[in-house]
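4 protein chains.
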Amino acid sequence: MNFASDNVMGASPQVLQALLRANDGPLPAYGSDPITRAVERRLAELFERELTVALVATGTAANALALSLLTPPWGICLCHREAHVMEDECGAPEFYTHGAKLVGLDGVGAKVKADDLESYLRGLTSHVRQMPPKALTISQANECGLVYSTEQIAALSDVCHRHGLRLHMDGARFANALVALGSSPAEMTWRSGVDILSFGATKNGCLAAEAIVVFDPELARTLEYRRKRSGHTLSKGRLLAAQLEGYLANDHWLDNARHANRMATRLAQGLRSLPGVRLAWPTEANEVFPILPRSMDAALKSAGAVYHPWSGASLAPGEQVRADEILVRLVTSFATCEEDVRRFLSIAEAAASKAGA
Amino acid sequence: MNFASDNVMGASPQVLQALLRANDGPLPAYGSDPITRAVERRLAELFERELTVALVATGTAANALALSLLTPPWGICLCHREAHVMEDECGAPEFYTHGAKLVGLDGVGAKVKADDLESYLRGLTSHVRQMPPKALTISQANECGLVYSTEQIAALSDVCHRHGLRLHMDGARFANALVALGSSPAEMTWRSGVDILSFGATKNGCLAAEAIVVFDPELARTLEYRRKRSGHTLSKGRLLAAQLEGYLANDHWLDNARHANRMATRLAQGLRSLPGVRLAWPTEANEVFPILPRSMDAALKSAGAVYHPWSGASLAPGEQVRADEILVRLVTSFATCEEDVRRFLSIAEAAASKAGA
Amino acid sequence: MNFASDNVMGASPQVLQALLRANDGPLPAYGSDPITRAVERRLAELFERELTVALVATGTAANALALSLLTPPWGICLCHREAHVMEDECGAPEFYTHGAKLVGLDGVGAKVKADDLESYLRGLTSHVRQMPPKALTISQANECGLVYSTEQIAALSDVCHRHGLRLHMDGARFANALVALGSSPAEMTWRSGVDILSFGATKNGCLAAEAIVVFDPELARTLEYRRKRSGHTLSKGRLLAAQLEGYLANDHWLDNARHANRMATRLAQGLRSLPGVRLAWPTEANEVFPILPRSMDAALKSAGAVYHPWSGASLAPGEQVRADEILVRLVTSFATCEEDVRRFLSIAEAAASKAGA
Amino acid sequence: MNFASDNVMGASPQVLQALLRANDGPLPAYGSDPITRAVERRLAELFERELTVALVATGTAANALALSLLTPPWGICLCHREAHVMEDECGAPEFYTHGAKLVGLDGVGAKVKADDLESYLRGLTSHVRQMPPKALTISQANECGLVYSTEQIAALSDVCHRHGLRLHMDGARFANALVALGSSPAEMTWRSGVDILSFGATKNGCLAAEAIVVFDPELARTLEYRRKRSGHTLSKGRLLAAQLEGYLANDHWLDNARHANRMATRLAQGLRSLPGVRLAWPTEANEVFPILPRSMDAALKSAGAVYHPWSGASLAPGEQVRADEILVRLVTSFATCEEDVRRFLSIAEAAASKAGA
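Residue numbers (the working numbering), protein chains in the order written: chain A, 1 to 357; chain B, 1 to 357; chain C, 1 to 357; chain D, 1 to 357.
Chain A extracted, bound-state conformation (with noise of 0.2 Å):
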């Protein structure tokens, strides 16, 4: 009963197929091999149009140097006040942009509001001691498990470019986002206004690899000469290109977000119809956040389920955590099994059942 995060589990088999696959007979080094040039179309094909690729192992690294071709040194990047790039990546952003700022927004379940962003334009200056606004980052799936739809998308990056901003959409959950939605990958990106995607597919069923997906050619003039200059350029590129490929074959990827969503969505409906369970912000994706009593997480614990706690920051008003309850999250992927989801759900049960007696 692991719902710790959706890393914790190895390769999906299919994905570690075509990396043995890969493995034989000489290919050239650096990203130049024909697996990775197959990649590239397959991500072009899937995203309907022409768009640079570079591939690289980290979510961090793929969000951090896609910031850094949005957003010079001396400027801004916006995003959630509780976004990944702001919390949870030790100044990758700001490393890879010598020292851009990240302003964090407000915003009930960690997304942005384009009212709110455009307040926020509004309200700065032009002074030379104005670092100016370059870019906002949005998660899809976001930190609270929630999904832009397109409009949401489209309206944030109407106001961005209307004020020279450009978006950088962090697709960390990208496919369980996406099967959220019932939507198209261009829908979802540039035909909503995306000028970058990091293209996740570590949390989903490989083991690491991530693709920056570029669709604005002019913006990735520089890409290659960063990712070299990170470490970020595989000398065996195969190890990258492999995994993708397998995971973006026959649908794969989606089957994969399919299978975590529909976990998450009987955990959060099994929880929710619990005395004394409500749920933080609604289970879009595949992530739940249930506010349990204290005795309910206490008895879940013992019986070896693993998962976080989680920050009630963005709570919609009026909502809190009391004393005796607790916010947690539960994360499940490609390799939840059904058979976990009902021992968590049976046990949370007994505590229910236990303390209303």
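A portion of the hints provided could be inaccurate.
Every beta carbon over 10 Å from chain C, so not counted as near; a handful from chain D, in silico [as the list claims (entries may be wrong)]: (1) Pro34; (2) Arg37; (3) Pro72; (4) Thr125; (5) Leu181; (6) Arg278.
In silico contact screen, one side only, chain C against chain B (beta carbon under 8 Å); selected entries [to be verified]: (7) Arg129; (8) Tyr225; (9) Thr233.
With the C-beta cut set under 10 Å, the calculated list includes, among others, these residues of chain C facing chain D [said to hold, decoys possible]: (10) Gly10; (11) Ala11; (12) Leu19; (13) Arg42; (14) Ala44; (15) Leu46; (16) Val56; (17) Gly59; (18) Glu94; (19) Leu181; (20) Ser183; (21) Gly231.
Quick caveat, the hints were computed from the structure, so don't treat them as lab data.
C-beta: ideal position from N, C-alpha, C; glycine also.
Mind docking chains B, C and D on chain A? Use the hints.
Just chains B, C and D now, kept in the frame of chain A:
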């Protein structure tokens, strides 16, 4: 007949098997898993002492992170003028050190000599205009295929430590050097005064796995932050750890290196005996640098041999490459097969005969 | 009637005279001249202890260099959300620290409270994702014209030091705060736990002269390199030193500050007594923040008064600026003349009468 | 008899007077004052074209900011091996460019030759490992007291522009070079292909004033942010502007430079005529580099002459400094008096006679 580099092949079978074995089940993320712990212990055992280890996916990352531990932004890191860190990493050391200066010293065969180091250091002033020298990095085996003896390493570290510099070893081809010297890991590093080692494994049988090995724990204090911030802390840490587990088990890494070196020696012996061919530098590890008649080069190329021309910038005084000659690099690896070596030599021999006819 | 800032005037006569006196004859370059030495001794005397001093031409340079001594690239520097370093230096701290993160805390009147600092620090994890907090910087007097008492400074430094942070004081208006408190330089700084001070002189009578004053010599080890490397080591060091010599002689700096504070008090008292006017924050040094009826603001502007509107972001809870009001900042300096204050107040009074009629 | 540098004296009287005149009354801060505007217009007039100007207090800041406009963090900036930016600025270019690499070319008398530049550039690959060359910087007059002719500058800029590089001129001794060539500011810079100029004034009569002069407005787009962010935007901008106003008025700057050059010529002629003395490089501006018998050096030193020994690293082939000789640098300035020159020469002459006796 691909002798282009030791990074054109995938993983060796033993490494791949370890990767497969490690794939199952949930494991803690970000390198706090038991496989990573085991690799750390194994390295401590191999090096016969306590040490701090950080795993990364590329040699560029290993070198740049290591140098950033030694050289402040206003410091100088010395190296050979043709060192990999100087010429082939697109400024990664400058990026990771936030602008330290690499200063390249001369030296035949890409080797830094202790006397030259001493002279350089004595020539510096201590005025604030002068960036202070803080580190020396040497490649073992180096860019001309040569290996520093433990005495030479000790002589360099002695100069370094007397002048307040630290010594880093770029061990992208550590195993090849080690078996060439018949030395122990401890002797070739910390017992000879090396402070930090980039322990390479990618070229010698892994897909993407290098270990930063820090012998002085004080130097390692900031390493975790630097690694995370650069996006080199893999969430599924097992990917790196499993490769190294397979690599280090049962002397697999030494076997791989011995094979590669043997293939290189065979190539060197075969070529050297041909009329019109001589070696730019002795073959001490897994790289051979013959100066070939251009006609022989053409014959080899048209028979499908793959390899790169090389710079003669650090040839011995008096030695030079004539207009009808070409200096090339042949690299062997764990995967080089004897048949390829034989075929290569026989084509070369035929070309030599034809030229002599 | 120019109350726009304390940087709109040139140098005070005593400072200018010192500059003239210092101009003749050859002197060693780069700050190794006797005038610089004398200023260093004078500061040591004033602060009643050994200290390390580096002179620079701007407050931005002083602050950014000081913070770079305290905060590594992967560290957090705390400050108030509206601090000058956060809002008005175009990212200088980020540039000089190579990408450290400034985190802004809330607090009425731009003051950081020890309790809030403690809560923030306790809320952090020690996971490698989390940039570790390394410094707090406070402005004395601050951006809302308020002055930290020595007890408040000591309480902040106590929290800092218990949690491994260092304390920096941005003393752009150091003299104004000092005479407001009636404290001594030593009491207001190192005796209350301040580790580094930006000792401002530009706003209080110099043309361009600030001293970075480091109380812990260990912290200053890298300062000379950092200053040189940033282009802030003047070759003709006498320019900076002579200004400070004139500034510090005969309590000239304290006289200047007393005059400025007196002018501010007079403005505050006059304005506060008018119907429809109130102060956003108490007037403690040389800045006055009245909330004026818009009609009064118009009358003052049309009579030629110069000043800027100001942000109400850290007004006390419950306080707010109505639509027919405006919050403005009036800054006085050594050069503010009583006649201007009188005229300003009489125009304001007339506007108040007219509004009341 | 202080010939240590042209930065050991204060300001010339005309510059000082301008500073005094500019001190009175309120002026807008941060360089938006009318004196700064007037200096900008004056420079545009002098250079016979529209240009962008940013004033700073040091040559190091001017050079580093200028180079940061030309060289991205992953780019190479070429210069002579002994250039001031390479040897004497403690890594300021690396700091401001966020880690670009300075690569030093060889050349007699610290001069870069167009042919050598061309060869270097042709030798580079376009592989991503290779940082791309983006700029060349030359010093005019240079570190060996030599002056590039306009033809030489044009030849260098031609190579630069054909290869996609920009050309920067470090004009710390711009006026000395200009009067030496008898050229116009326009001819010696943009008409010969210079893209950015560090227009030095500190060494030639100011206290601390340099102008970054950008001929291509597109290159200047980010300059204001970079200057502010580095702490080089003075709040009381009049300090820099007033110095330059006095400096540029009535050809004062040219008079100062002519005087300095004349004094250097006199020193050179006098010394060169003495037995046992020769010049390392011709005297073309305000620096003289005699190779003196050590006995003469001792006599001069004991008579109170002040000057520095110098490096012979770029002596002409065949030339060398014998063990009983010393290569020294004598620098003259606007403030060098004829009497000092006469005395210096007469001591040298006496020493020569004594040695010959």
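Each hint, compared with the structure:
1. Pro34: holds, 13 Å
2. Arg37: Arginine 37/D clear of chain C: closest Cβ-Cβ about 16 Å, beyond 10 Å.
3. Pro72: holds, 16 Å
4. Thr125: holds, 30 Å
5. Leu181: It holds; leucine 181/D is separated from chain C by about 25 Å at its closest Cβ, greater than 10 Å.
6. Arg278: holds, 28 Å
7. Arg129: Holds, about 7 Å.
8. Tyr225: With a minimum Cβ separation of about 4 Å from chain B (threshold 8 Å), the hint on tyrosine 225/C holds.
9. Thr233: Check passed: Cβ of threonine 233/C comes within 7 Å of chain B, closer than 8 Å.
10. Gly10: holds, 4 Å
11. Ala11: holds, 6 Å
12. Leu19: With a closest approach of 8 Å, the leucine 19/C hint holds.
13. Arg42: Nearest chain D Cβ about 21 Å off; hint violated.
14. Ala44: Status violated, d = 25 Å.
15. Leu46: violated, 24 Å
16. Val56: holds, 7 Å
17. Gly59: holds, 7 Å
18. Glu94: holds, 8 Å
19. Leu181: violated, 25 Å
20. Ser183: Interface hint status for serine 183/C: violated (26 Å vs cutoff 10 Å).
21. Gly231: holds, 3 Å
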